[in-house]
Structure formats: structure tokens, C-alpha cells
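Q: For reference, the chains in residue letters:
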Amino acid sequence: MSSPNTPSPNQTAHTPSGQTATKSGTSSRRPLLPWVAGPAWFLAALVTWRWPDADDFPDTNQLAALFCTIGLALTVTAALRRLSARAPWAIALGLGFTAWEIIQAKLLWLPRPFFGTPQDLLDVFLTDWRRLGDSLLHSLGLLAVGYGIGAALGVAIGIGLGRSLRFRYWVRPLIRLIGPLPPVALLPLAFIIIPSSRLASEALLALAAGFPTTILTWSGVAAVDPAYYDVARTMGARNRFLVLRVALPAAMPQIFVGLFMGLGVSFATLVVAEMLGVKSGLGFYMQWAQGWAAYPNMYAALLVMSLMCTGLVTLLFKVRDRVLSWQKDGLKW
Amino acid sequence: MVTTPTRIAHPLGLELDHIDHGYMIGGVFTPVLDDISLSIAPGEFVALLGPSGCGKSTLLRLIAGLEPPHGGTILAEDIPISGPGPDRIVMFQDPTLYPWRTVRGNVALGHDIAGRKDPASVDAAIELVGLKGFERAWPHQLSGGMAQRAALARALVNDPRVLILDEPLGKLDSLTRLTMQTELHRLWRDRGFTAIMVTHDVEEALLLATRIVVFSPRPARIIADLPIDLPPHRHRDDPRLLDLRKNILTQLGHSADW
Ligand SMILES: Nc1ncnc2c1ncn2[C@@H]1O[C@H](COP(=O)(O)OP(=O)(O)O)[C@@H](O)[C@H]1O
Ligand SMILES: [Mg+2]
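Going line by line, the protein sequences match chains L and Y.
Position 98 (the first sequence) corresponds to 1250 in our numbering; numbering is contiguous.
Position 138 (the second sequence) corresponds to 398 in our numbering; numbering is contiguous.
Among the clues, some could well be false.
[Unchecked claim] With a straight-line cut-off of 20 Å between C-alpha atoms, the simulated SDA-like cross-links for lysine to any residue are:
id: 1; chain 1: Y; residue 1: 431; chain 2: Y; residue 2: 463
id: 2; chain 1: L; residue 1: 1480; chain 2: Y; residue 2: 398
id: 3; chain 1: Y; residue 1: 377; chain 2: L; residue 2: 1388
id: 4; chain 1: Y; residue 1: 431; chain 2: L; residue 2: 1379
id: 5; chain 1: Y; residue 1: 377; chain 2: L; residue 2: 1393
id: 6; chain 1: L; residue 1: 1431; chain 2: L; residue 2: 1349
id: 7; chain 1: L; residue 1: 1480; chain 2: Y; residue 2: 400
id: 8; chain 1: L; residue 1: 1480; chain 2: Y; residue 2: 402
id: 9; chain 1: Y; residue 1: 431; chain 2: L; residue 2: 1377
id: 10; chain 1: L; residue 1: 1480; chain 2: Y; residue 2: 396
id: 11; chain 1: L; residue 1: 1480; chain 2: Y; residue 2: 359
id: 12; chain 1: L; residue 1: 1480; chain 2: Y; residue 2: 395
[Unchecked claim] Pairwise CB distance ranges (calculated):
id: 13; chain 1: L; residue 1: 1480; chain 2: Y; residue 2: 288; range: 40 to 46 Å
id: 14; chain 1: L; residue 1: 1325; chain 2: Y; residue 2: 288; range: 30 to 36 Å
id: 15; chain 1: L; residue 1: 1379; chain 2: Y; residue 2: 290; range: 18 to 24 Å
If you are wondering where the hints come from, they were derived from the structure by calculation, not from laboratory data.
As the structure is a computational prediction, the values presented were derived from the model and not from experiment.
Backbone N, C-alpha and C define an ideal beta-carbon position, used for all residues, glycine too.
With the sequences and hints as input, model every part of the structure.
A: The structure is reproduced here in C-alpha cells:
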């Protein structure tokens, strides 16, 4: 097994002999930390429940119950010996929520309404979860269509640029003209000439995802060792095989870099498009929240959006790790 | 012991007729092959020797059909070669295994291209080159010698009628080389394909070939064409072999060095 990506103090320790011992090596010291995680959250629950709020905040008891549940779950996880690597983070988060609760909900040190309490945030999820979820689904739907089309087109155009002189002659100038333009610069125009704002946003998302994917696919295909083609050709391979079974897999590491970059640009384009034109999605929700000075809603939407983005990036890396399992080593997301 | 596949039916004979070839290098046309005529009988093992950069690899590319010659024709059984084909398989100096395919996937490449499923022959080829147990390994997990063996298996799986070898053992350490030379020789005798091998190692040529063709510096011309009338099982210190070696090195302009 490979060494853990984020070494935790309790998992990797130096024995007196100077060797690095993991897991079984330091049985006397190791199991302690995971057992602290649960109590850290029980502490947060206790503070939330027993210490009177500084103002009339909603859902204080529900929040205490939530902290308590998390504490229980962490304790069970510790008992199952599944918590070792994540224990320091679980503890830090529990203490962090405790501190936040004390500073804002109990002592009210920071100015409202810009700084909310944990219960404010929880209240948004409890009362407005339907609209938040709906916005999330809208954003995801927009992304899926726009990014999907852009990524597929990007790979196809990139291969064309890398393999065909005539295609390159005609398409390269267009790519050079349009590609570097930030997709959001086309937003006003797109909303005018494309009657459906949803369609316009999808087109721009496709552009956002397509450009980096195109360029990196192209560079990947251009960098394929010509000997790879010779090997297949000497066995009678035709163009179709050379493109799909030689150029494409050989360029795959580069293609994934392009897909990753395209995803980033797509996120930015998505938010701006939702703020400016599409009357749905997390970007729209956020703007609505700002308009009504509903700061907890904004934080909640930000949290959901960041979970969405990191989730999609994680998904992309999972796919990449699977497709590129032949590579010697790869970045761990 | 490794099971020996049946001898293939038809090794291919080749007729090279006044081949000329060249490349544009830095805007200047550079002749590389100059009037090469060579008749290779089915089942021969021809070794091509010549100074580096003279055009040996180029000649192999033409025979493989990867490029058409500028002048002259190459006939395979009286039919002009018009492109690459699985009856003429090249084994390059580098193994050039596809890193995204396992050993097994690499060896099965020819089958995939032909749209044929024949796992048994893939297994047989892997076993033949001594890579059994490494079917699922990725190329980066192989040593140089193992990768070259995998490339040999990938070539053999196509049952080539001509095996075209471009310094196939050039980058191997000397001990691995010796083993691979023996195996190559055994394969050639068992399978009966025609072999055309470029090598820079005179001794290797003398051990394996039935005929040695020596080229001049670029543009390559044939300056010697020597049949090697020695028994198939040769010994490295056979005096006849040493005589031939001296002769060839003299042809290559290294009379003082041998
Ligand atoms: N694709 C190519 N384009 C331009 N020049 C080439 C190309 N391939 C080979 N050459 C030139 O042809 C000459 C012969 O090359 P090569 O056949 O590889 O030599 P050898 O295999 O005998 O060492 C060299 O001078 C090389 O620079
Ligand atoms: Mg060469």
C-alpha cells in the first residue's frame, strides 16, 4: 500500500530506533486520537444547548442535536477503527464549530448580519432546502449539457487539429480568434441572439469547456510518438484505428488536463450566466440572496456551490485515475 | 519447455529493384539510398550492416511499406508493395510498447487491428518469449529486455512471412543480448519466416544470418553481399567466423580495429 496522502501525527510516528512506524507499529499511542473526535463534537453540542444565546436565534436545539449526532457517528467510526487518518480534522472541525458558536451565537462579537451563526446557516437548510436543492439541480443540469457538449467537441476538434492538415488550415484561425476570449464576454451578445437564455448559457459553457480541451487534446495528439503509428501501421492499421486506438489513448493524459481546466472555466461561466440571464441555479439564488440581504442564504448557497464544484472535480479525477491507471504516478486530488 | 508453434507455410521472398530514396533535410534534398538492388529468397536470414546514418532503417521502412520509394520497385512474390501489411512486421529498435496497454494488450495489437479474437495465440506468443506471468504488467513495469521480448511477441503473433528487425537488440545489455540472439535464431529456424535484420554488431550478424549485406556510408550502396555458409549452430570462436569478421570489418573500413 502507498503511504497516506496526508500523514496524520498519530498514524506516522518515529520509534526510538529511528524507523518510521505506521499503524500496528505504535499500538500504544495510536488509538487515542480518534476517540477525541466524538467528544469534541459533544462539546459543541453542549455549548450550543446549555449556554444561552445572545439573541433570538433559530434552531439552536436542532443544531445541538445535529452536533450530537455527528459526535455519535464519529464515536462509532472510531470504534470501528475507521477514523485514524481523519481524526485530527474531525477534532479541529468540532472545536472550530464550538468556537464559532461561542464567538457569534453566545457572545455576538462580530457585526450582524454579515457574520451569521451556525444556527442561521442550519436554518437556511431547514427552511429553504427545497429551493436550494432545486437551484443545485438547475446548475448541475446546465453544466452537464454545456460541459458535456464542450468536452466532446473539444476532444474531437483537438484530434482533427492534430491529425488533419486541411482541418487545421480552416479551423485553427477560428480557434485562435475565439478561443482565448473569456466566454463571459460573449454573454450579453449570446442572450440577445439566442432567444432561450438557457440555450445561450449552454452554448457558452460548451465554449468554456471546449477551448482548453481542444488545445490540450491537440497538443497531446501532436506529441504522440510517430513510432506508435508505425507500429500499428505495419500491422495493417487504418486511419480509424490510428485515431481512436492510438492517438486518443496516447493523448489521454493531456486531454484530462484540458478537461480539468475546462471544468474550472465552466464553473466561472456558469455562475456569471446564472447571475446575468438564467433565472435559476445557484448563481441566481446567490444574487437573489444578496438583493434581499439574506446573508445566511448566501453562505448556504456558497457552501452548496463549493461542494458541487469540488464534487465534480473529484468525479473527474476519479474517472481520470481509472482511465489512466496505466500511468506510473499521478497527482492525488 | 516452450511449445513450438507449427512452421508457417509461406515465407515471403522479396525483390528490390533499383531502389532510390532521399529526404529533404534543412531544405536540401539528401539522397539516402542509391540504386539498391537485392533479391531475398523465402526463408533467408539477411543481416544488413553499414555505418550509422547510411540509410538502413530507411530501407527497412520501404520494405515494410511505411513509405513508398522515390525510385525503383519492391516486389513481394512478384506483386509491388503498396503499403504496410501484417505479412511484413517490423520490430523496431525501441520496443515502442503502448504504455496504455498491458503486455497482453500489446501482444494482441495485431489481432485487434485485424478484428480477430485469438487469445490462445497471444498466450502462446507470450509464453514463447518467456513472459508468462507478466501478461497483466504495464510496460513501465518491465525491464528493457522484457519490453523487447514483449515487442518480439507482438510481432510474432501476426505470423509474419517476413520479420523485419531494426537493431532489435541494440540497447540490451550483453547477457540479455546473447539470450535473445539464441531465441531469435531458434524462432527463425522453427517458424521458417524470412528475416531481415539491421544490426551494428558484426558478430551478431555472423551468428544469425545466412547472408550479410554491407552498405557504404550515405547514400547507401551495397558494397558487399556475403553468403554465410556455416552450419546453423555456430560457435562464437569458429575460425571461419573470425575470418569473415575480419573481411567484413575491412569492407566497413575498420581493418585496423578488429
Ligand atoms: N523522416 C526523415 N526525414 C528526414 N531525414 C531522414 C528521415 N529519416 C531518415 N532521415 C535521414 O536519412 C539518413 C539515413 O537514416 P537511417 O535510415 O535512419 O540510417 P541508419 O538506420 O542506417 O542509421 C539519415 O541521414 C537521416 O538523417
Ligand atoms: Mg537505424
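Q: Hints first: check each against the structure and report whether it holds.
A: Right, here's what the structure says about each hint:
For a cut-off of 20 Å, the pair hint linking residue 431(Y) to residue 463(Y) stands: about 16 Å separates their Cα positions. With a CA separation close to 9 Å, the supplied pair residue 1480(L) and residue 398(Y) stays within the 20 Å bound. Restraint check: the Cα-Cα separation between residue 377(Y) and residue 1388(L) comes to about 16 Å, which is no more than 20 Å; the hinted pair holds. For the hint linking residue 431(Y) to residue 1379(L), the alpha-carbon distance of about 17 Å falls within 20 Å, and the restraint holds.
Proximity of residue 377(Y) to residue 1393(L) is assessed by CA-CA distance (about 16 Å); at most 20 Å being required, the pair is judged to hold. About 9 Å separates the Cα atoms of residue 1431(L) and residue 1349(L), which keeps this hinted pair within 20 Å; it holds. Among the hinted pairs, residue 1480(L) with residue 400(Y) is consistent with the structure: their alpha-carbon atoms are about 7 Å apart, no more than 20 Å. A threshold of 20 Å between alpha carbons decides the hint, and for residue 1480(L) with residue 402(Y) the separation of about 12 Å falls inside it, so the pair holds.
Taken as a hint, the residue 431(Y) and residue 1377(L) pair is honoured in the structure, with Cα atoms around 19 Å apart against an allowance of 20 Å. About 15 Å separates the Cα atoms of residue 1480(L) and residue 396(Y), which keeps this hinted pair within 20 Å; it holds. A C-alpha spacing of about 10 Å is found between residue 1480(L) and residue 359(Y), which places the hinted pair at or below 20 Å, so the restraint holds. The suggested pairing of residue 1480(L) with residue 395(Y) holds, with an alpha-carbon distance near 17 Å, which does not exceed 20 Å.
Distance hint for residue 1480(L) and residue 288(Y): a CB-CB separation of about 41 Å, consistent with the stated range 40 to 46 Å. Distance hint for residue 1325(L) and residue 288(Y): a CB-CB separation of about 31 Å, consistent with the stated range 30 to 36 Å. A hinted range of 18 to 24 Å for the beta carbons of residue 1379(L) and residue 290(Y) is consistent with their spacing of about 21 Å.
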